[in-house]
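Line order of the protein sequences matches chains A and B. If you count by the working numbering, then the first sequence holds residues 5 to 148, one letter each, in order. If you count by the working numbering, then the second sequence holds residues 5 to 148, one letter each, in order.
Please keep in mind that the hints were generated in silico from the structure rather than gathered at the bench. Beta carbons are placed, not taken as given, at the ideal position from N, Cα and C, and that holds for glycine. Hints are not guaranteed to be accurate.
Among chain A residues calculated to face chain B with C-beta under 10 Å, some are [unchecked claim]:
(1) Arg24
(2) Met54
(3) Gly70
(4) Asp78
(5) Val97
(6) Ile105
(7) Leu111
(8) Glu115
(9) Glu117
(10) Phe121
(11) Asp122
(12) Ile124
(13) Asn126
What follows is each chain in one-letter form.
There are 2 protein chains.
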Amino acid sequence: MVFKRTHQDGDKNMKMTPQRMAILEYLEGNTAHPSAADIYKAISERFPTMSFATVYNTMDMLKEKGMVLELAIDPDKKRFDPNPAPHHHLICVHCKKVVDIHSSFSLDLSENERNSFDIIGNHVDFYGICPQCKKKNKSGQQVK
Amino acid sequence: MVFKRTHQDGDKNMKMTPQRMAILEYLEGNTAHPSAADIYKAISERFPTMSFATVYNTMDMLKEKGMVLELAIDPDKKRFDPNPAPHHHLICVHCKKVVDIHSSFSLDLSENERNSFDIIGNHVDFYGICPQCKKKNKSGQQVK
DNA sequence: CCATAAATTAGAATTATTACAATTTAATAA
DNA sequence: TTATTAAATTGTAATAATTCTAATTTATGG
Ligand SMILES: [Mn+2]
Ligand SMILES: [Mn+2]
Ligand SMILES: [Zn+2]
Ligand SMILES: [Zn+2]
Chain A
5 MVFKRTHQDG
15 DKNMKMTPQR
25 MAILEYLEGN
35 TAHPSAADIY
45 KAISERFPTM
55 SFATVYNTMD
65 MLKEKGMVLE
75 LAIDPDKKRF
85 DPNPAPHHHL
95 ICVHCKKVVD
105 IHSSFSLDLS
115 ENERNSFDII
125 GNHVDFYGIC
135 PQCKKKNKSG
145 QQVK
Chain B
5 MVFKRTHQDG
15 DKNMKMTPQR
25 MAILEYLEGN
35 TAHPSAADIY
45 KAISERFPTM
55 SFATVYNTMD
65 MLKEKGMVLE
75 LAIDPDKKRF
85 DPNPAPHHHL
95 ICVHCKKVVD
105 IHSSFSLDLS
115 ENERNSFDII
125 GNHVDFYGIC
135 PQCKKKNKSG
145 QQVK
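Taking the hints into account, I'd like the entire structure generated from these sequences.
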């Protein structure tokens, strides 16, 4: 998804501030699935006055607009996905790197397995060890 | 999995305390995927002296022994699965209820999609709305 | 420019979790 | 049984992520 930096119809009552522009720019095309702290760090470098609250406020707004997803991949902190289109993830169990998987799988539940839920969607997490962590492990390093 | 309440070879240096017995008993056959707070509340009713730290300590130990899994399903808090056998989950997006799905799916990644990771496993989350929340929504209630 | 609603900010508050150090206790063996 | 002792429990402090708040600043429209 390409973020717009100018006002559109749907964006009434949404001010375009330098902080937001910086966040949008940082997120655009970003496939690293950053945490709030990642975003804050990256942007406060060039924008030292920015507050953490602004990151959370902005991400909330983007969530509500459906422009980013909040991921529950890391039990310790929320991470964001600037790509709200349906896709799956490959996650390194050591360093928590998250890589997008764009294949689609046919995942159907039987009547019985649906447990009377209305099914909305699904998501596959693949777990593994990334090439970097493989190297580190070989050389005897400990990642967490 | 059935938890043992007596010492076995692998359980050397593991004391069987009343608190642990209460936690094991609470977890046995529990399919509700409780949080630490859920466990604490349930057990401190009958065991008012118990500390939150004991819940966390015990769950850490059970994780290390592979008897429970820590789930990253709820971004706000960790939840535990007393069933460490591979299975999938159906999650209500309103109330965060988690139901086990025991079917298996063939989920293979192409060489290219593997991104040079060593793949260890996978997990499918199905999202939906549970029957209780469907009812509540109809009657105009708001669930968060 | 002016008015003003919305956004930013610093910092306080809250929540979940982890760390710590003193006390208690389960398990072992005399 | 009793003594020993390593491990577990406990209350509390510390930390980390996130949310809340109230004062200040600012983007936007007229
Ligand atoms: Mn993604
Ligand atoms: Mn389960
Ligand atoms: Zn890695
Ligand atoms: Zn529900």
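Against the structure, the hints come out as follows:
1. Arg24: At 23 Å from the nearest chain B Cβ, Arg24 (chain A) fails the 10 Å test, so the hint is violated.
2. Met54: violated, 23 Å
3. Gly70: violated, 14 Å
4. Asp78: holds, 6 Å
5. Val97: It holds, given that the least Cβ distance between Val97 (chain A) and chain B is near 7 Å, below 10 Å.
6. Ile105: holds, 6 Å
7. Leu111: Since the shortest Cβ distance to chain B is 6 Å, the answer is holds.
8. Glu115: Violated - the Cβ of Glu115 (chain A) stays beyond 10 Å from chain B, reaching only about 12 Å at its closest.
9. Glu117: Cβ of Glu117 (chain A) sits 6 Å from chain B, so the hint holds.
10. Phe121: holds, 4 Å
11. Asp122: Check passed: Cβ of Asp122 (chain A) comes within 5 Å of chain B, closer than 10 Å.
12. Ile124: Ile124 (chain A) check passes; min Cβ-Cβ to chain B is 5 Å, inside 10 Å.
13. Asn126: holds, 5 Å
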